[in-house]
Amino acid sequence: MDSSREPLWTPRGSHTNMDTFRERVNDRHSLSLASYQELWQWSVDQYHLFWEEFFLHSRILHSTAYEEVVDLSKTVADVPEWFRGCRMNYAENLLQHAAAHGGKTAIITAGEGQTPRHISFSQLRERVAAIAAALSAVGVAKGDVVAGYLPNSSLAVEAMLATASIGAIWTSTSPDFGVTGVLDRLTQVRPKVIFSVEAVRYNAKTHDHLNKLINVVAGLPELKRVILFPFCGSRDIDTSRIPNCVMFEDFVKGHKGSELRFEQLPFSHPLFIMYSSGTTGTPKCMVHCAGGTLIQHLKEHILHGDMHSNAVIFYYSTTGWMMWNWMVSALAVGAAIVLYDGSPFIPSPSVLWDLVDSLR
1 MDSSREPLWT
11 PRGSHTNMDT
21 FRERVNDRHS
31 LSLASYQELW
41 QWSVDQYHLF
51 WEEFFLHSRI
61 LHSTAYEEVV
71 DLSKTVADVP
81 EWFRGCRMNY
91 AENLLQHAAA
101 HGGKTAIITA
111 GEGQTPRHIS
121 FSQLRERVAA
131 IAAALSAVGV
141 AKGDVVAGYL
151 PNSSLAVEAM
161 LATASIGAIW
171 TSTSPDFGVT
181 GVLDRLTQVR
191 PKVIFSVEAV
201 RYNAKTHDHL
211 NKLINVVAGL
221 PELKRVILFP
231 FCGSRDIDTS
241 RIPNCVMFED
251 FVKGHKGSEL
261 RFEQLPFSHP
271 LFIMYSSGTT
281 GTPKCMVHCA
291 GGTLIQHLKE
301 HILHGDMHSN
311 AVIFYYSTTG
321 WMMWNWMVSA
331 LAVGAAIVLY
341 DGSPFIPSPS
351 VLWDLVDSLR
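Count the sequence shown with the UniProt record's numbering and you get residues 1 to 360, in order.
By construction, these hints were calculated from the structure, which means they are not laboratory data.
A couple of the hints might just be wrong.
Label pairs and their computed distance ranges (CB to CB) [claimed, not checked]:
| no. | residue 1 | residue 2 | range |
| --- | --- | --- | --- |
| 1 | R28 | R190 | 39 to 49 Å |
| 2 | D19 | G103 | 25 to 35 Å |
| 3 | H255 | Q37 | 50 to 60 Å |
| 4 | M323 | A141 | 23 to 33 Å |
| 5 | D208 | Q114 | 11 to 21 Å |
| 6 | M18 | D208 | 45 to 55 Å |
Taking lysine-lysine pairs in the DSS-like style, the calculated list, with each CA pair at most 27 Å apart, reads [to be verified]:
| no. | residue 1 | residue 2 |
| --- | --- | --- |
| 7 | K253 | K142 |
| 8 | K284 | K192 |
| 9 | K192 | K212 |
| 10 | K104 | K299 |
| 11 | K74 | K284 |
| 12 | K212 | K224 |
| 13 | K192 | K253 |
| 14 | K142 | K224 |
| 15 | K192 | K224 |
| 16 | K299 | K74 |
| 17 | K104 | K256 |
| 18 | K142 | K256 |
| 19 | K256 | K224 |
| 20 | K212 | K284 |
| 21 | K192 | K142 |
| 22 | K253 | K224 |
| 23 | K192 | K256 |
| 24 | K284 | K224 |
For every residue, glycine included, the Cβ atom is placed at its ideal position computed from N, Cα and C.
Model the full structure from these sequences, guided by the hints.
Structure (structure tokens):
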């Protein structure tokens, strides 16, 4: 390797978010933690104080203050409740930057055959409001499950945030999943609504998605609505074989301009249902709560990723992997997220790096 080449990026040696947080802990608790290792040890020994400090440091929006961080008399096996009494909303935290920085980019979408498109925080909030109102109008309420059988697109983020805003629970699988794989997951959680698309583009080919969707819907008798989005711009889509199917534009048409309200929920309210791999049997459902998801993701983005509101984050993922949920939470920091859908090698093996270079 040519050692004379300059590195593309060098991390800051000091004055990181981790340093700022460590100094905060020292000031507030009369400590002299001097290194990452010492801060880590304190976070293990005094875990209740660590999480309380980070809750305050990250300025998580909440309408009701917590009464207790955690009951220290309970063990992990007891599954203790965290931040008891706190009421908040995950979607509200991710969309908060629309108020003061509405014109700032929230999402950049890209993919095979797509020109990168920027969506501002204000635009994102408006779209979420319309979907949330439409979901409420068809009877989706707190505790109901909404599913996405969707590519890595802005619609997936919008539908997820709309679901979270009204207190419903989001679960998703990606179009590369077959019918059996999807039903192994969704029959366990019985979604009331599913969002999907007519086709996807991968490896320079357009792949029909309707036939798979038809079979998935047939296996989910409790579905009240199927929301279909023309992701590949298809025209004259035949939805006659899909019960209770409505095109996305028709679904939100009467709800554009709606006021977005955020249901205030316990810190432990269910947010996501994710799944194990299914390699040793039927995939197991794993419920992730709103507050726990948000505070853990913020810890990773802010402390470990040294993320600021001017950041742009890209992680190649699908909606069927937990890294998609992790990346989307960066919106709460004010960062822009990049959603790429398609092969990482088309039209060339450098396509993802070319995208990164164009967005620096």
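Cross-check of the supplied hints:
1. R28 with R190: 39 to 49 Å: 46 Å, holds
2. D19 with G103: 25 to 35 Å: For D19 and G103 the Cβ distance comes to about 31 Å; the hint holds.
3. H255 with Q37: 50 to 60 Å: 52 Å, holds
4. M323 with A141: 23 to 33 Å: Between M323 and A141, where Cβ atoms are some 29 Å apart, the hint holds.
5. D208 with Q114: 11 to 21 Å: About 19 Å separates the Cβ atoms of D208 and Q114, which means 11 to 21 Å holds.
6. M18 with D208: 45 to 55 Å: About 48 Å separates the Cβ atoms of M18 and D208, which means 45 to 55 Å holds.
7. K253 with K142: Given that 27 Å is the threshold and the Cα spacing comes to 23 Å, the pair holds.
8. K284 with K192: Cα-Cα ~20 Å, so holds.
9. K192 with K212: 18 Å, holds
10. K104 with K299: 23 Å, holds
11. K74 with K284: 26 Å, holds
12. K212 with K224: Roughly 18 Å separates the two Cα atoms, so the pair holds.
13. K192 with K253: Holds, because 20 Å separates the two Cα atoms, which is no more than 27 Å.
14. K142 with K224: Answer holds: K142 to K224 is near 16 Å, not above 27 Å.
15. K192 with K224: Cα-Cα ~5 Å, so holds.
16. K299 with K74: With a Cα-Cα distance of about 23 Å, the restraint between K299 and K74 holds, given a limit of 27 Å.
17. K104 with K256: Distance of about 21 Å is within 27 Å: holds.
18. K142 with K256: 22 Å, holds
19. K256 with K224: Roughly 21 Å separates the two Cα atoms, so the pair holds.
20. K212 with K284: 22 Å, holds
21. K192 with K142: Since the Cα atoms of K192 and K142 sit roughly 12 Å apart, the hinted pair holds (cutoff 27 Å).
22. K253 with K224: Measuring from Cα to Cα gives roughly 18 Å; hence the hint holds.
23. K192 with K256: 22 Å, holds
24. K284 with K224: 24 Å, holds
Figure legend: structure checked against the earlier numbered hints; every hint is met.
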